[in-house]
Amino acid sequence: MSVLKIVKYGNIFLILILSFIIFLFFNKTLQAQIVEIYDISPEQIDSKSFKLKKPMTLKIEATMGAYRSKHVLLSNCWILDSESREVVWEFPKRETDNKRLKRMIIVEKEINLPKGFYEVYFAINPSRYSKGQNLFNYIFDRNYSKKYQSSEWGVSVTAASKSDREYFLPNEKPREDQSVIQITNIFNKEYHKKGFSITAPAKFKIYAIGEGLKSGRQMYDFGWISDAKTKKRIWEMKYAKTDHAGGAIKNRKFEGRLTLPAGDYFVHYVTDDSHSNEEWNQMPPYDPNYYGITLWALEENFDYTEIKPLEKNTSRPPIIELTRMRNNRFVSEGFQISKETKFHIFALGESSGSQRGMADFGWIVNATTRETVWQMKYKSTEYAGGGKKNRVFDGYLTLPPGKYLTYYRTDDSHAFQSWNVEEPWTPESWGITISCIDESCQENIQTFEETNDPDILAQMIRIRDDDEVYKTFSLNMVSKVRIYCIGEGRNGSMFDYGWIENSTGKKVWEMEFEDTDHAGGGKKNRIINEVISLNPGKYFVYYKTDDSHSYNEWNTSPPDDREHWGITLIRQSK
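The sequence shown maps to residues 26 to 599 in this note's numbering.
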């Protein structure tokens, strides 16, 4: 055979081999132009992305699981627009309404979509499963896996026309838009906080997905934005502002706009102990990858150099910080202000159950009038994460010039590091924190010690059993005197009480049962807070206790202000 023939046949053979390789590659490419999700186990959700380089008709094949007795689908699938985050197709449940559901429902659909990026999802309804029940049934029910899960369940998406398949690109994702803040991929029982600073006013889009229930209109997984300096909540994901986010009815979504002036801000997000990306206990939302909160700048040509990460807390130091409160605590701290001042109060405590009262709580008292100017009441608090009885007050209080005492008390259970249900989102804040709002606030504030108050004429407090004590004081002019006295009384009689005598031994005042009010705690705890007028002269003030129920020797619940068991006399300026 001549050399020319060898070359000729060699070229033909080479061409055949190359043609075969090209055919295999082309055939494999055509076969690869499909997105498939199959063999999903309970409590799982899966997704895959694809890109359409031009508008086209898509062919969707979905095999769904159906719950035979209750006509409830065991699974669901849908397609999401990756850029708008909107659902463009969902398994048509209405097609199952007029026929008996079988173990599997097979649906073939053709839909038209514009060019763009998309995500297809498939999920099995976890509300039909619990881990214990799942394991039990798997072991003892031979047909369990056939009933409630199948490798045949799933979805496939491809171009309906073979000529379009080269424009259908699986596993393609859009370039991620630059977000200002994104807190996603969140698990159960988490609290996240990220800060940012903006040097000029800016408009933002807020996209937040969480969990909330219509009963009580309460959010359990949600976000909010606060001013880093004043701690004021600029925006919060309230139930009333949300819409259904797909899947379980408790999945909630907020989409909206917010304009912020130049300043420092924190974005917060919290979750309770169930239903998150860690594990869904009901059908997940349509957009599970964005479960959490995301902020984008709205202006197309926004200069992201205007935004800086906020690494540290720029809020002003608190003037009062009674936190990390343990069980059986009763603490107080005073402050004095020289002019009207606005404060931020953050208080974490425990509600007392069905009575909608508070078991662990704080309050503020005017030290001169002994009047409560603020108290942490249930109706003014919100859910604080963890156990349902965890409550938080996050708000503001404006006070006139004066002297004030801040109190916080806990009962015998559920406090910092001694939780009997799930702890709140910020357990180290259990207690009360008071902070300034204005920059000049600190200049108007001084510490206040009740023992050093020049207006206190006489004080005998924390009196124990079987005691009788007295003190003297003098007045050089007619004076208004406030008497603040806490004692024990029942059925019209007083057992722990006080009185005042003048220099001749005449009683000018006495604590009588009919003049008292309930002092909190046991019914026999009595309190009187009144102002009397006394002439110039020398006076003796007495306080007497019987053999039971006194300071730290209680035989029933102590009063709210247990530290002032006894008598205090305060000179009044007006």
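Bear in mind the hints are in silico, worked out from the structure with no lab data behind them.
Fair warning: this is a prediction, and the values are worked out from it, not measured in the lab.
Misleading hints may appear alongside valid ones.
[What the hints assert, rightly or not] As a list, the in silico BS3-like pairs of lysine-lysine whose alpha-carbon atoms are at most 25 Å apart:
| hint | residue 1 | residue 2 |
| --- | --- | --- |
| 1 | K218 | K278 |
| 2 | K367 | K413 |
| 3 | K78 | K198 |
| 4 | K257 | K218 |
| 5 | K404 | K239 |
| 6 | K275 | K364 |
| 7 | K413 | K218 |
| 8 | K254 | K78 |
| 9 | K257 | K364 |
Evaluated hints:
{"no.": "1", "hint": "K218 with K278", "in the structure": "19 Å, holds"}
{"no.": "2", "hint": "K367 with K413", "in the structure": "30 Å, violated"}
{"no.": "3", "hint": "K78 with K198", "in the structure": "12 Å, holds"}
{"no.": "4", "hint": "K257 with K218", "in the structure": "15 Å, holds"}
{"no.": "5", "hint": "K404 with K239", "in the structure": "18 Å, holds"}
{"no.": "6", "hint": "K275 with K364", "in the structure": "47 Å, violated"}
{"no.": "7", "hint": "K413 with K218", "in the structure": "22 Å, holds"}
{"no.": "8", "hint": "K254 with K78", "in the structure": "48 Å, violated"}
{"no.": "9", "hint": "K257 with K364", "in the structure": "22 Å, holds"}
Going through the hint list in order, the structure does not satisfy hints 2, 6, 8.
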